[in-house]
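Trainee: Chains A and B, in that order, are what the protein sequence lines are.
Residue 1 is where the first sequence starts when you use the working numbering, and the numbers rise one by one after that.
Residue 1001 is where the second sequence starts when you use the working numbering, and the numbers rise one by one after that.
It should be emphasised that the hints constitute simulated quantities derived from the structure, not laboratory data.
A couple of the hints might just be wrong.
Covered, in the sense of this in silico footprint (three residues per stretch, anywhere, with C-beta under 8 Å from a C-beta of chain A), are these stretches of chain B [said to hold, decoys possible]:
(1) 1083-1093
(2) 1096-1104
(3) 1112-1118
(4) 1172-1185
Virtual Cβ for every residue (Gly too), placed ideally from N, Cα, C.
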Amino acid sequence: MMILERNTLLIMAVLAALFPLLVGNQYALHIGIMVLFYAVLATSLNLIVGYVGEFSLGHTAFLGLGAYAAALLSLRMGLPIWATIPLAGVISALFGAAIGAITLRLRGPYFVIITLAFAEVLRIIANNWMGLTNGPMGLSGVVQPALLADASPLAAKRFYFYLALAIAVVALYLAYRFVYSNNGRAAVTVRENRYVAQSVGIQPFAYAMRAFVLGAFLAGLAGGFYAHYITFVGANVFGFAFMVSMIIMVLIGGKGTLVGPLVGALLITVLNEYLREFQELRMSLFGLIVIGVVLFLPNGLMGFLNLRRERRRATPAAAAESHAEAPGGSA
Amino acid sequence: MSEVQNFPTPMLSVRGLCKTFGGLKAVQDIDLDVNSGEVFGLIGPNGAGKTTCFNLITGFYTPTAGRVTFQGHDITGHSPYRIARRGLVRSFQKTNVLKALSVFENVLAGHYLSTRQTLLATFFPHAGVSRAEREARDSAARIVELMGLAARMDTPAFRLSCGELRLLEVAVALAAKPALLMLDEPAAGLNSQEAMRFGSILKSLRRSEVESIVLVEHNMSLVMEVCDRVMVMHFGSKLAEGRPEQVKNDPQVIEAYLGRARA
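Same shape as in the complex, but just chain A (with noise of 0.2 Å):
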C-alpha cells in the first residue's frame, strides 16, 4: 500500500512535470494549474475528512486566510511571493491550531456544524472590515512575481504551472510522510476506535490537532498560491463553493488514500470545465454524482480498487487456508 502510492505520486509527478513541455495552449495550462491548486486542497482536506475522521464544512476558513494572508502580505508590506505563499501557510495552521483546539473537542454533526461556523464568521469578517479586506470589494492587484514583469502570456502560465507542481509535491511529500509515520498510524487508530488508541498510549486529541493543523498549512499554501495566480481575492474563498468542490473531490477519489484526492481533483476540475456552459445541469450532476458515490463506492474510487486487488490477492489464499483448516477446524 504505502510503496504502491508512492510510485502511483512520483508516476503523476513525472507526468505533471512533463505536462507544460508538451502542451503549448494556455487554456489548458490554466486547468492542468487549477488541477494542481485543487489537488492540494483535496489533499489538505483528506487529512482532516480522511485521518482525523471528521467532516469538516469550515475547510475554505484556511484556503481563505491563505488567500487573504498572502495578498495582504503583498500589497502591504510588499513581500515577494516567495515569501508570500510559505507565510499563507503558517498563518493559516496558527489559526489551524486556535480552531482545532474548539472544534476537535467535537464529535460529528457538532463538528460539522461548528467549523462551517468559523468560515461563515470568516466570510462575514471579510466582507465587513473595510479597513482590512477592503470589503466587498476585495483586494485586486496582488503583486506578480518580478521575473514575470516581460513574459508571454504563455511562458507566465508556465510558471504558475511549475510553482503549484513545487506546492503540489511539498504538499504530498509532508501528507505521505505524514500518513505513513507513527503519527498517521496514530491518527487512524483513534479515528477507528479512540479506546484502543488510548490503551495503547495514544492521546487521541494530540494526533487530531496535528493532522488538522498539517491540513490548514496546505490549505494555506493552497490560498497564498491562488491569490498571486488570480491577482484578486475576496471574501468568496470562504465561500461554499470551494468547499463543495473539495468535498466531492475527496469523496470521489477515495478519503483516507492520498492518490484518492488527486484523481479526485483531475475528474472533477476537468469535467467542471467541460460542464461550464450548462452551470445548473451541473450542480445537478455534481448531486448525483455524490450520491452515487456515497451509496456504492463509500471509500470512492481508490478505495474500490484497493478492495478489488485485496479480493484478487485474497480470493486463491483463502481458498488454500480453508482447505488446510478443515480437519482441525478451530481457528
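Given chain A's structure and the hints, the job is docking chain B onto it.
Mentor: Then chain B, alone, in the frame of chain A:
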C-alpha cells in the same frame, strides 16, 4: 500466603477503591495487590463490579475514593493514555480492535509508544526513525505469530472469527510492551478447546512478554488453570481472595455463584 513473601513490593496496589454511579455503589472499598510475576484473576457473578474495577484502575473511570499505585507511582485518576505510557495496558470486554485494518496493521498501530517521534523527524526522518520503524515491524510480525495468527497476517480484522479477534486484541495490547497486562474477559465467546489454547498462550506470555497479568474471566477452568491468585467480587465488594483451589471451595463464593442451600 507463601507467594506474597516472594514479592516484597506489589507491582500494582489498590487501596480503598470506591465508585458510585448516582446512588449505586458499583465498587466498594476494594483492596488488591498484584505482585510482579503473577497472574491475578478477578472473578465474580455478573454485575459484581469487575469491569468497573478495571476501568477505575486503567483511568477510563475516575474513582470516587481510593488510591491506585503502579510501580510506586500514584496513578489514581490519570488519563488512560498516561497510564498506558507507564506500562499498564488493558484489553476490553467488548472486542475493540481497528476493524478496517489488517491484523498486522492493528499490531503495528499498537507499537505507538516505541515509535514516537517529533514532527520534525516525521517530515525529515533520520536513521533512528527508520530503525525504530523496522524494529516495530519485526516486533509486530513476531507478536502476530506468537498469538497464533500468522496465517491471518494481512487479513482485515473485520473478517476474523470471534476467537481470532480475542487473540488479536491481546496482540494489540502486547504491542504496547506493557509490564502489567490487564485482560477483560479475553475468553468470552470462545469454545472450551479455544479457551484452553488461549490459556496456554497466556501462560507463555507471562515469562516472555509481560511481568504480570490481571485477568477478569467467567471461564472457571481457564481461571483455575492460569491464575496464581484469585479475588472474588460480589455486589461491588471483595468476597474472598486466595489461591484458586482455596477460593473454589469457599462456602461464601459457592453461595454467591449458586445461591444458599436450603437447610
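Trainee: Hint by hint, which ones does this structure get wrong, listed from lowest number up?
Mentor: none
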